[in-house]
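A.B. asks: Sequence:
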Amino acid sequence: MKVAAPGKLLLSGAYAVLDGAPALVVAVDRRAIADGATRATNPTPEVLAALSADEAPQVDASALREGELKLGLGSSAAMLVASIGVKASRLGRDLRDASVRHALFADARRAHAQVQGGGSGVDVAASVYGGALAFSLEPGGAATVTPAPLPAGLVLDVFWCGAPAITSSMRARVDALRQRDGATYRARTQDIATASSSVLAAGATNDVAAFVRAAQHGGAALAALGHDADAPIFPPSTSALVPIAESEGAAFVPSGAGGGDVFVHIGARPSSARFRAAATAAGLRLVPMNLDLDGVRLS
4 MKVAAPGKLL LSGAYAVLDG APALVVAVDR RAIADGATRA TNPTPEVLAA LSADEAPQVD
64 ASALREGELK LGLGSSAAML VASIGVKASR LGRDLRDASV RHALFADARR AHAQVQGGGS
124 GVDVAASVYG GALAFSLEPG GAATVTPAPL PAGLVLDVFW CGAPAITSSM RARVDALRQR
184 DGATYRARTQ DIATASSSVL AAGATNDVAA FVRAAQHGGA ALAALGHDAD APIFPPSTSA
244 LVPIAESEGA AFVPSGAGGG DVFVHIGARP SSARFRAAAT AAGLRLVPMN LDLDGVRLS
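All residue numbers for the sequence shown refer to this note's numbering, where the first residue is 4 and numbers rise by one.
There may be inaccurate statements among the hints.
[Said to hold, decoys possible] Below are the DSBU-like pairs computed for lysine-lysine, each with C-alpha atoms no more than 30 Å apart in a straight line:
no.: 1; residue 1: LYS73; residue 2: LYS5
no.: 2; residue 1: LYS5; residue 2: LYS90
no.: 3; residue 1: LYS90; residue 2: LYS73
No lab work stands behind these hints: they were computed from the structure.
Let the hints inform the model, and build the full structure from the sequences given.
C.D. replies: This is the structure we're talking about:
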């Protein structure tokens with residue numbers, strides 16, 4: 004028995020999602036695969052928070068890594084969801100059933116937050132449900148997850164920065180801004196939230212041009228937050244690529260917290276030869292992937 008769970012790209016709403024803003028996340032066809040026939044030799048802390056050591060299956064997450072380095076596609080969440088999926092399947096539960104997925108999401112989100120010291124759970128949602136999702140947190144902390152349409156003709160090209168981001172460090176800098184200058188923090192995260200709402204609205208109306216414009220605004224809002232928080236949300240290797248993308252009618256934004264990992268070129272067509280040459284010169288590499296529409300499933 005093997006269970007696969009996809010990784011994710013967070014396209015809008017980073018940081019602000021923790022305050023209740025809507026976010027857009029998509030699942031990608033780079034997956035963690037848990038093998039129910041083999042016991043894990045070194046389970047991740049997230050898996051051990053959900054399962055006993057005897058229950059933890061061996062997980063292959065090589066598709067979510069570049070050698071020993073994480074790509075930043077939510078590998079810890081995907082490994083956790085795939086592992087819990089093995090246990091559910093052993094108990095005879097159908098991973099396609101909505102109620103089974105709801106319970107799996109709750110268990111995985113709880114274990115992930117326990118180890119990571121919080122977080123929204125948006126990456127867990129992508130690994131469980133697949134596809135494109137609108138994600139938001141209610142005041143009490145409950146998550147709302149619904150399918151979110153993407154505009155026809157939208158193209159996502161994913162570029163790896165060559166170095167992993169330390170999300171906890173980025174979040175700590177942004178939290179420090181909240182403590183020392185709450186007004187600026189609220190203004191920046193409100194701009195991110197507004198842009199994310201516009202991204203989701205453009206998807207709902209099948210307007211690819213409006214989607215790209217909203218993604219550009221979201222990128223600018225993240226850059227402003229990074230400036231005020233002294234957080235390298237846009238590392239130097241990526242900053243010069245933003246105006247090139249925008250001059251060609253596209254957006255270039257971090258997936259999630261930024262600071263490294265992967266960035267996404269969002270447009271009505273694939274990234275141009277000019278853009279790819281500039282990205283290569285800056286040390287970035289195009290990483291092929293597509294959307295995953297299935298979520299957690301038997302492999």
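A.B. asks: So, for every hint listed, does it hold in this structure?
C.D. replies: Consistency of the hints with the structure:
1. LYS73 x LYS5: 22 Å, holds
2. LYS5 x LYS90: Distance of about 11 Å is within 30 Å: holds.
3. LYS90 x LYS73: 25 Å, holds
Checked against the numbered hints given earlier, this structure breaks none of them.
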